[in-house]
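Asks: Okay, here's what each chain looks like letter by letter:
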Amino acid sequence: AQRVTQPEKLLSVFKGAPVELKCNYSYSGSPELFWYVQYSRQRLQLLLRHISRESIKGFTADLNKGETSFHLKKPFAQEEDSAMYYCALTGSNTGKLIFGQGTTLQVKP
Amino acid sequence: DAGVTQSPTHLIKTRGQQVTLRCSPKSGHDTVSWYQQALGQGPQFIFQYYEEEERQRGNFPDRFSGHQFPNYSSELNVNALLLGDSALYLCASSLQGLGTGNTIYFGEGSWLTVV
Numbered sequence: 076a077q078r079v080t081q082p083e084k085l086l087s088v089f090k091g092a093p094v095e096l097k098c099n100y101s102y103s104g105s106p107e108l109f110w111y112v113q114y115s116r117q118r119l120q121l122l123l124r125h126i127s128r129e130s131i132k133g134f135t136a137d138l139n140k141g142e143t144s145f146h147l148k149k150p151f152a153q154e155e156d157s158a159m160y161y162c163a164l165t166g167s168n169t170g171k172l173i174f175g176q177g178t179t180l181q182v183k184p
Numbered sequence: 008d009a010g011v012t013q014s015p016t017h018l019i020k021t022r023g024q025q026v027t028l029r030c031s032p033k034s035g036h037d038t039v040s041w042y043q044q045a046l047g048q049g050p051q052f053i054f055q056y057y058e059e060e061e062r063q064r065g066n067f068p069d070r071f072s073g074h075q076f077p078n079y080s081s082e083l084n085v086n087a088l089l090l091g092d093s094a095l096y097l098c099a100s101s102l103q104g105l106g107t108g109n110t111i112y113f114g115e116g117s118w119l120t121v122v
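Residue numbers (the numbering used here), protein chains in the order written: chain X, 76 to 184; chain L, 8 to 122.
Don't read these hints as lab results, they were simulated from the structure.
One should not assume that every hint holds.
[Stated by the list, open to error] Straight-line alpha carbon distances no greater than 25 Å define the calculated DMTMM-like cross-link-like pairs of lysine to aspartate or glutamate that follow: (1) X:Lys84 / L:Asp92; (2) X:Lys132 / L:Glu115; (3) X:Lys84 / L:Glu115.
[What the hints assert, rightly or not] Which residues of chain X face chain L? A partial, calculated answer using Cβ under 7 Å: (4) Leu119; (5) Gly175; (6) Gly177.
What you are looking at is a predicted structure, and each value in this text was computed from that prediction instead of being measured.
All C-beta atoms, glycine included, are put in the ideal place defined by N, C-alpha and C.
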């Protein structure tokens, strides 16, 4: 079955603390993995994708095929990082994103 | 570029009624997908349109139908509304689907409440 699991509904950290948002997936084949973010009252937007291997706003994510995970990390959280984060995957050329249930990140001052 | 635009932003319908939601893709995009996002859940794929045809479909009943026009804009129609259809409906646009390094852009969504 194709599935994305984000085990934490809410992650609350203090400003400056490290952050790790967990994402595990199930997919038969070679998926492409993404992290999307939704800030308060804004639309869903792409944060990063595994094929680009870039760091956006200090966030990184490494695809671990052995553990079928794609955890999102940031060494020092900022208050403006508070948002809803969704992990998603797609198969090659399927054109269909499968999302996890999302994790709310709350960064306290 | 206004990006992906959707209308209406909010609407309330009664059980059994029909609803049409509209989407204009980002300039230059030719592929439109629709997602349903229930409260507290991640978006779920409904279907995708490219070249005015439905190319992919998720696990949604035939009450959900769509259309794409020659200008790439799209409509989502839901017939015989149920209370469980209450959700945020997201439109997403891209260029010839995924797998090519293209980015998918989302609209702000249409909030549908069925009473």
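Asks: For every hint, state whether the structure bears it out.
Replies: Cross-check of the supplied hints:
no.	hint	verdict
1	X:Lys84 / L:Asp92	holds, 23 Å
2	X:Lys132 / L:Glu115	holds, 22 Å
3	X:Lys84 / L:Glu115	holds, 22 Å
4	Leu119	holds, 4 Å
5	Gly175	holds, 5 Å
6	Gly177	holds, 5 Å
The structure is consistent with each of the numbered hints, conforming to all of them.
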